[in-house]
Amino acid sequence: MHAQRVSVRLADGTDALADVDLRLTSATSLGLVGRSGAGKSTLARVLLGLQRPTSGEVLLDGAALPRRRAGLRRFRRCLQYVPQDPAGSLDPRRDVAACLTEPLRSLAIDDDHDSCVERALDAVGLDTTFARRRCSSLSGGQAQRVAIARAIGTGATLLVADEPLSSVDVGLRRDLAALLQHLHVDHGLGLLLITHDLHAVASVCSTAAVLHDGRVVEHGSTAQVLDAPTHPATRALVDASRPGALG
Numbered sequence: 001m002h003a004q005r006v007s008v009r010l011a012d013g014t015d016a017l018a019d020v021d022l023r024l025t026s027a028t029s030l031g032l033v034g035r036s037g038a039g040k041s042t043l044a045r046v047l048l049g050l051q052r053p054t055s056g057e058v059l060l061d062g063a064a065l066p067r068r069r070a071g072l073r074r075f076r077r078c079l080q081y082v083p084q085d086p087a088g089s090l091d092p093r094r095d096v097a098a099c100l101t102e103p104l105r106s107l108a109i110d111d112d113h114d115s116c117v118e119r120a121l122d123a124v125g126l127d128t129t130f131a132r133r134r135c136s137s138l139s140g141g142q143a144q145r146v147a148i149a150r151a152i153g154t155g156a157t158l159l160v161a162d163e164p165l166s167s168v169d170v171g172l173r174r175d176l177a178a179l180l181q182h183l184h185v186d187h188g189l190g191l192l193l194i195t196h197d198l199h200a201v202a203s204v205c206s207t208a209a210v211l212h213d214g215r216v217v218e219h220g221s222t223a224q225v226l227d228a229p230t231h232p233a234t235r236a237l238v239d240a241s242r243p244g245a246l247g
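For the sequence shown, UniProt numbering begins at 1 and goes up steadily by one.
Since the hints were derived computationally from the structure, they do not count as laboratory data.
Here the structure is a predicted model, which means the values were calculated and not measured.
Keep in mind that the hints are not guaranteed to be accurate.
To be verified - Pair ranges (Cβ atoms, derived):
#, residue 1, residue 2, range
1, His231, Gly171, 26 to 36 Å
2, Asp127, Gly188, 17 to 27 Å
3, Ala108, Ser137, 25 to 35 Å
Here a beta-carbon is modelled for each residue, glycine too, at the ideal position from N, C-alpha and C.
The whole structure should be built from the sequences, with the hints applied where relevant.
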């Protein structure tokens with residue numbers, strides 16, 4: 001997937017995004033960081049085909065994203081989304097199996113859905129007994145694993161994860177970060193991790209990009225970006241993440 005010179009202009013004339021150029025493949029683990037209001041969520045909506053850019057385009061295998069909802073099915077099979085709050089994407093009245101099979105039906109996945117559910121649960125470290133558990137009975141960490149399983153159960157090769165670690169405590173955060181890294185390294189899943197947590201980026205992602213006022217101001221290997229920042233916005237993020245920093 002290639003976000004090619006993507007810009008989004010707001011009604012007041014300001015740019016939520018300006019000439020953003022990023023690539024994501026199955027070999028990529030990219031951490032996108034930036035302060036609140038930098039444009040991270042807007043970029044996620046554009047990449048997912050939920051918002052049209054004012055200029056530029058998003059390409060998948062060299063082809064522009066379809067503009068009609070009906071044409072997005074192939075794209076949705078390749079790219080899936082993990083939200084910050086899994087409770088918002090999992091119906092508490094339904095069991096886990098029902099929540100995991102819903103996207104398989106909507107995307108017309110031609111495979112045995114029970115087998116897809118089992119494989120997805122196994123990939124995120126949950127046994128098959130979770131399939132019959134109600135989503136309302138899940139802990140925060142379990143719900144986030146189920147949300148990840150729901151995304152990868154379609155056979156997606158690219159994953160956009162929007163602050164997936166922010167709703168759990170520190171210990172679970174490490175476990176989920178390790179899971180995302182495992183899915184990237186061992187399952188060949190391309191990962192865009194949108195987060196304010198530089199420690200998660202350092203542990204999960206091989207590359208990092210810093211978004212500031214809608215622009216990518218720094219982009220390179222994670223070590224290069226976080227250990228030797230050159231832009232003031234990056235230096236401010238690094239300083240704020242150090243032990244003892246306020247805010």
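Structure-based check of each hint:
| no. | hint | result |
| --- | --- | --- |
| 1 | His231 / Gly171: 26 to 36 Å | 32 Å, holds |
| 2 | Asp127 / Gly188: 17 to 27 Å | 23 Å, holds |
| 3 | Ala108 / Ser137: 25 to 35 Å | 30 Å, holds |
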